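Chains as they are written, first to last, in this note's numbering: chain A, 1 to 114; chain B, 115 to 232.
Think of the hints as simulated: they come from the structure by calculation, not from any bench.
Treat the hints with care, since some could be wrong.
Lysine to any residue pairs mimicking SDA-like chemistry, simulated, CA-CA at most 20 Å apart [unchecked claim]: (1) A:LYS101 x B:SER123; (2) B:LYS155 x A:ALA70; (3) A:LYS101 x B:TRP124; (4) A:LYS38 x B:TRP124; (5) A:LYS56 x B:SER129; (6) A:LYS5 x B:SER119; (7) A:LYS5 x A:LEU47; (8) A:LYS38 x B:GLU166; (9) A:LYS56 x B:HIS199; (10) A:LYS38 x B:SER119; (11) A:LYS106 x B:MET159.
Far from chain B, some chain A residues (derived; all Cβ distances over 12 Å) [unchecked claim]: (12) ASP24; (13) ASN27; (14) TYR36; (15) LEU47; (16) ARG61; (17) LYS68; (18) VAL78; (19) SER95.
All values derive from a computational prediction rather than experimental measurement.
Note that CB positions come from ideal geometry on N, CA and C, so glycine has one too.
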Amino acid sequence: DQQVKQNSPSLSVQEGRISILNCDYTNSMFDYFLWYKKYPAEGPTFLISISSIKDKNEDGRFTVFLNKSAKHLSLHIVPSQPGDSAVYFCAASYSGGSNYKLTFGKGTLLTVNP
Amino acid sequence: GAVVSQHPSWVICKSGTSVKIECRSLDFQATTMFWYRQFPKQSLMLMATSNEGSKATYEQGVEKDKFLINHASLTLSTLTVTSAHPEDSSFYICSARNSDRGGNQPQHFGDGTRLSIL
Numbered sequence: 001d002q003q004v005k006q007n008s009p010s011l012s013v014q015e016g017r018i019s020i021l022n023c024d025y026t027n028s029m030f031d032y033f034l035w036y037k038k039y040p041a042e043g044p045t046f047l048i049s050i051s052s053i054k055d056k057n058e059d060g061r062f063t064v065f066l067n068k069s070a071k072h073l074s075l076h077i078v079p080s081q082p083g084d085s086a087v088y089f090c091a092a093s094y095s096g097g098s099n100y101k102l103t104f105g106k107g108t109l110l111t112v113n114p
Numbered sequence: 115g116a117v118v119s120q121h122p123s124w125v126i127c128k129s130g131t132s133v134k135i136e137c138r139s140l141d142f143q144a145t146t147m148f149w150y151r152q153f154p155k156q157s158l159m160l161m162a163t164s165n166e167g168s169k170a171t172y173e174q175g176v177e178k179d180k181f182l183i184n185h186a187s188l189t190l191s192t193l194t195v196t197s198a199h200p201e202d203s204s205f206y207i208c209s210a211r212n213s214d215r216g217g218n219q220p221q222h223f224g225d226g227t228r229l230s231i232l
């Protein structure tokens with residue numbers, strides 16, 4: 001049973017436009033959500049997170065939106081740059097769980113075309 | 115800040131060899147570290163949670179005797195793949211959580227170890 005789902009395996013956008021990556025979750029206990037960026041043969045790099053008490057968090061070009069009623073979150077990248085091309089993983093955890101384990105989605109490959 | 119170093123980055127060895135992978139938090143203390151495995155074009159699969167000074171907690175289906183974890187200090191966890199076979203070939207990644215901070219916070223990842231068993 002996949003508790004965190006990224007239904008789009010890939011996304012292609014033009015440089016300068018907005019990239020929107022989506023993530024759905026099924027476990028209503030999740031209260032902390034994160035986005036990671038990953039290049040091949042490297043470990044994931046933390047991008048941005050959001051707590052369930054908020055519905056939006058912004059950091060530079062990156063904004064994460066959380067819709068708890070829909071169990072949906074999204075990452076917006078504006079403007080997109082070629083260097084943003086990577087696999088993006090959505091992850092979730094709950095503070096009541098053991099050791100703050102993260103559950104990951106399968107990732108979305110973002111390609112930003114010059 | 116929040117740098118996690120993983121070593122080695124790439125290992126090629128013969129079947130039957132045991133391989134040790136180190137994970138270090140360089141600028142923070144981590145009472146909890148995590149070990150993941152990633153197959154090609156797949157998500158990160160949590161193998162075990164490494165707890166400083168105590169036994170690791172393994173996920174269902176992960177063999178404890180196959181994947182030995184030691185977390186002897188607040189900055190170092192090791193994963194030993196014992197008697198490795200070709201099916202153990204994979205990308206292994208560790209992460210660490212800053213134990214100086216409470217509450218929700220991100221895990222920070224090492225750059226991974228590519229293990230190839232011949």
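Structure-based check of all given hints:
The hinted pair formed by A:LYS101 and B:SER123 fails the criterion: a straight-line CA distance of about 24 Å is larger than 20 Å. Of the pairs offered as hints, the one joining B:LYS155 and A:ALA70 is violated, with about 27 Å between alpha carbons and a cut-off of 20 Å exceeded. Restraint check for A:LYS101 and B:TRP124: not satisfied, since their Cα atoms lie roughly 26 Å apart, outside the 20 Å limit. For the given pair, A:LYS38 sits about 18 Å from B:TRP124 by alpha-carbon distance, which is consistent with the 20 Å threshold.
As the CA atoms of A:LYS56 and B:SER129 are separated by approximately 49 Å, the hinted pair breaks the 20 Å bound. The suggested pairing of A:LYS5 with B:SER119 is violated, with an alpha-carbon distance near 29 Å, which exceeds 20 Å. At roughly 18 Å between alpha-carbon atoms, A:LYS5 and A:LEU47 fall within 20 Å of each other, so this suggested pair holds. Only pairs whose Cα atoms come within 20 Å are accepted, and A:LYS38 paired with B:GLU166 is rejected, the gap being roughly 27 Å.
About 46 Å separates the Cα atoms of A:LYS56 and B:HIS199, which puts this hinted pair outside 20 Å; it is violated. This hinted pair checks out: A:LYS38 and B:SER119 have alpha carbons roughly 16 Å apart, not beyond 20 Å. Simply put, A:LYS106 and B:MET159 have alpha-carbon atoms about 10 Å apart, close enough for the 20 Å limit, and the pair holds. No Cβ of chain B comes within 12 Å of the Cβ of A:ASP24; the nearest lies about 14 Å off, and the non-interface call holds.
Here A:ASN27 stays apart from chain B, with its beta-carbon at least about 15 Å from theirs, past the 12 Å limit. Its beta-carbon lying about 8 Å from the closest one in chain B, A:TYR36 breaks the requirement of being farther than 12 Å from that chain. Listed as outside the interface, A:LEU47 is inconsistent with that label: its C-beta sits roughly 9 Å from the nearest C-beta of chain B, within the 12 Å cut-off. Non-interface call for A:ARG61 relative to chain B: holds, since the shortest CB-CB distance, roughly 18 Å, exceeds 12 Å.
Here A:LYS68 stays apart from chain B, with its beta-carbon at least about 15 Å from theirs, past the 12 Å limit. Non-interface call for A:VAL78 relative to chain B: holds, since the shortest CB-CB distance, roughly 22 Å, exceeds 12 Å. A Cβ of chain B approaches the Cβ of A:SER95 within 12 Å, the least distance being about 6 Å, so the stated non-interface status is violated.
This entry does not satisfy hints 1, 2, 3, 5, 6, 8, 9, 14, 15, 19, going by the numbered hints stated previously.
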